[in-house]
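There are 2 protein chains.
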Amino acid sequence: MIKNDLFLRALKGEVVTRPPVWMMRQAGRYLPEFMQIKNKYDFFTRCRTPELASEITLQPIRRFGMDAAILFCDILVIPQAMNIEVEMKSNFGPFLPNPIRTQKDLDRVIVPDVNIELDYVYKAIKATKELLNNEVPLIGFAGSPWTVFCYCVQGQGSKNFDKAKAFCFSNPIAAHVLLQKITETTIAYLKAKVKAGVDVLQIFDSWGGMLSPNDYQEFSWKYINQIIEALKNDAPVISFGKGCWFALHEMGKSNAAAIGIDWTCSARNARYLTGGNKTLQGNFDPSRLLSPPDEIKKMVHEMINSFGKDKYVVNLGHGILPNIPVDHAKAFIDAVKSYNG
Amino acid sequence: MIKNDLFLRALKGEVVTRPPVWMMRQAGRYLPEFMQIKNKYDFFTRCRTPELASEITLQPIRRFGMDAAILFCDILVIPQAMNIEVEMKSNFGPFLPNPIRTQKDLDRVIVPDVNIELDYVYKAIKATKELLNNEVPLIGFAGSPWTVFCYCVQGQGSKNFDKAKAFCFSNPIAAHVLLQKITETTIAYLKAKVKAGVDVLQIFDSWGGMLSPNDYQEFSWKYINQIIEALKNDAPVISFGKGCWFALHEMGKSNAAAIGIDWTCSARNARYLTGGNKTLQGNFDPSRLLSPPDEIKKMVHEMINSFGKDKYVVNLGHGILPNIPVDHAKAFIDAVKSYNG
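Residue numbers (my numbering), protein chains in the order written: chain A, 439 to 779; chain B, 439 to 779.
Honestly, the hints are just simulated from the structure, not real lab data. Heads up, some of the hints might be wrong.
Any copy will do: because identical chains look the same in the list, a pair fits if it lies in one copy or spans two.
[To be verified] Each computed BS3-like pair below joins lysine-lysine, with the alpha-carbon atoms no more than 30 angstroms apart:
no., residue 1, residue 2
1, K633, K736
2, K601, K527
3, K597, K527
4, K775, K450
Note that the structure is a prediction, hence the values are computed from the model and not measured.
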């Protein structure tokens, strides 16, 4: 079905001639064609208009020819559907004017019918699949329940998500109620995404690394694993946790198709900690794309040699930064395509 | 000389009946008596007035009886002495109006005579030693060169210090010049601190965890190790790197008297990665002080059992947060004192 199935084969652990490559946040602010759309339409208009979301999703594929597309969307569409107001403020980021901090706040949080509340996402998937014309697979994503919870409680981005953690440690029962509601909504949402056409799922646990190993198991991994278990027969699930090196052993034993690695964990440590047999994805430092293109090429080839070409998906260790020159992003992608052992 | 030398003995690796305890940022905003002084005097007045700095340093010792005091000061007194303007904005944090981003910026950075520029620190040390009356040892601290560099280039706090990293990766030669200048200033400063009376030194690498393992060696550890080597015969040096688990093996081989551990690294991993023979310090999650006092006590005892009572200094995994109730801080300290294997 899919013409370039390199990504799907790497997720299955098949032997390949070179690893596939895509970049987290590849449909983003470093692209001038993205900025043109961004300057015309606000954030949620871009998410909610299938023509815009699909166009944005395709932009990096047209320019660089990655081996996978990832649907333009946001992790905070989930709390929005759960009756938690979310604003996207320019030069600030997400802002939730009524964060969840008490039992009363919690009472107004619903587990929605995602088929109704998030139908614009499935429309965007269908529009994107048409544009993609089966050239490369399409990834759909969600935030981990813990990461979504962080925003719901903190109300905005944070260096340490102290209010979110305070809620967990002073009122763990209520915290688990909210986490479970987010998990159920996310599972239904991802199932609907697969039904609408995405080929692969990725869960982003951006803030799992704020937790101790024990707390991570209790407040984050438990819920991610529920999602993996619920979705494992629907589509391959990639689990990415930033700063979550300490949980790689547990992740390696899970039914995730692949584990995302950030740039603080060497390939050797990542292979060792995940048990040596899992497909891994990562882990180029996004800031290292500011190095000269020749150096990027050299570092990418070293990275592939370290991870090994099989059971490996080349990616950054987190999202691409807005200040990366497009020819540096191109150097990253081209370096993978020119790799020949 | 020092009546309670538990901390010094733990740093030497001697067998003790219980581990010593102190808390990073123990002289800080969670204390009402600190807030009284904070409301009257601005940040740099508190640092520069020996009567205030020494009073603030003693406050937590009087209230809780930790096994070590740490001189109230700031890591940014170093760039200030190097001719880089530093402001402390309320509800914002440090702000450097003229950050270092070009060769021209770099040219105006000096390696100062720290005996003159930072004489107020040594006066504060002498005043503090008098107040302490040899009850417990006094720690003096500095930021790691990389962490100080981050502020000098970024100009303020940041989630990812993208501008600081961009400077390193696009202009590594200039970056190393600045890092070396900071290192030299820091070494002279710490030598003068020991001469003025501090018993132990701690280096804080708050932002080392933003770097990949290779970049950490090149841009951070190399300079921290210069400091350790230069000071090892002057006083015990504790090296604390937040998020730097990936460098613990290297740190374990260094001449640091102890290695600070953050809460994402389990005691078992920390012992394994540092080689099993180093004094370790840490690593209670600061947010976990929001748990009920009974639970804090239980978790502290578990933590001591995990690290083992010897070659161990009980501490948090990072600074205490402003919103921690004082009786929770007390529960933390008391739990260590009541520990009996």
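Which numbered hints does this structure break? Structure breaks hint 1 only.
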